[in-house]
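**Q** Protein sequences, first through last, are from chains G and P. Going by this note's numbering, the letters in the first sequence line up with residues 1 to 113, in that order. Going by this note's numbering, the letters in the second sequence line up with residues 1001 to 1111, in that order.
Because the hints were derived from the structure by calculation, they are not lab data. No residue lacks a Cβ here, since even glycine has one placed at the ideal position from N, Cα and C. Treat each hint with caution, since some may be false.
Each computed BS3-like pair below joins lysine-lysine, with the alpha-carbon atoms no more than 27 Å apart [stated by the list, open to error]:
hint, chain 1, residue 1, chain 2, residue 2
1, G, K37, P, K1017
2, G, K100, P, K1065
3, G, K112, G, K68
4, G, K71, P, K1057
5, P, K1057, G, K37
6, P, K1057, G, K100
Cβ-to-Cβ under 7 Å is the rule here; a few derived chain P residues that face chain G [claimed, not checked]:
hint, residue
7, G1040
8, G1042
9, L1043
10, Y1048
11, M1050
12, F1090
13, P1099
14, F1102
15, G1103
16, D1104
17, G1105
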Amino acid sequence: DQQVKQNSPSLSVQEGRISILNCDYTNSMFDYFLWYKKYPAEGPTFLISISSIKDKNEDGRFTVFLNKSAKHLSLHIVPSQPGDSAVYFCAATRSSNTGKLIFGQGTTLQVKP
Amino acid sequence: EAQVTQNPRYLITVTGKKLTVTCSQNMNHEYMSWYRQDPGLGLRQIYYSMNVEVTDKGDVPEGYKVSRKEKRNFPLILESPSPNQTSLYFCASRGLNQPQHFGDGTRLSIL
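Taking the hints into account, I'd like the entire structure generated from these sequences.
**A** Quick look at the structure:
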């Protein structure tokens, strides 16, 4: 049972445009969400997170939106740059159980110059 | 430099031959985890540890063992590896209320 789903395996956008990556979850007990970015031959690196008490968190070009009623979060990258081309994973956890983290399948973003 | 170090980075071995993948972190983090990455499945947690001598199963623990005798080390043990454990493995660590730092991965091929 996939509790965290990224239904788009890939996304291609033009440099300078907005990239929107989506993530859905099924477990209503999740209260903390993260996005990670992964380049080939490297481990994932943390990008941005959001707590369920918020519906938006912004860090430079990256903004994460959380819609709790729809159990949906999205990552917006504006403007997109070629260096943003990578695999993006969303992840969810219950902050009361700080060991377990559930990841989605990942979305490969390609930003074309 | 803060880092999570995994060894080996690559390994090709045969079914049934016990192997250990080591993981070490130098950030004095309480939490450590092991994940495997497979095409179309993303990252799945194998085991995690919340402190020395405290470990728990993740989503796919079958066929794996871990130990946490020291805070900095969290080895992953495959007692009798099988071909379905061929995968890319990541170790991660984090401090309290912090996001995870990942190692660069270990690619295991079991023939």
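**Q** Run every hint past the structure and note whether it holds.
**A** Hints and how they fare:
no.: 1; hint: K37/G <-> K1017/P; verdict: violated (34 Å)
no.: 2; hint: K100/G <-> K1065/P; verdict: holds (17 Å)
no.: 3; hint: K112/G <-> K68/G; verdict: violated (32 Å)
no.: 4; hint: K71/G <-> K1057/P; verdict: holds (25 Å)
no.: 5; hint: K1057/P <-> K37/G; verdict: holds (25 Å)
no.: 6; hint: K1057/P <-> K100/G; verdict: holds (9 Å)
no.: 7; hint: G1040; verdict: holds (6 Å)
no.: 8; hint: G1042; verdict: holds (4 Å)
no.: 9; hint: L1043; verdict: holds (4 Å)
no.: 10; hint: Y1048; verdict: holds (4 Å)
no.: 11; hint: M1050; verdict: holds (5 Å)
no.: 12; hint: F1090; verdict: holds (5 Å)
no.: 13; hint: P1099; verdict: holds (4 Å)
no.: 14; hint: F1102; verdict: holds (3 Å)
no.: 15; hint: G1103; verdict: holds (5 Å)
no.: 16; hint: D1104; verdict: holds (5 Å)
no.: 17; hint: G1105; verdict: holds (6 Å)
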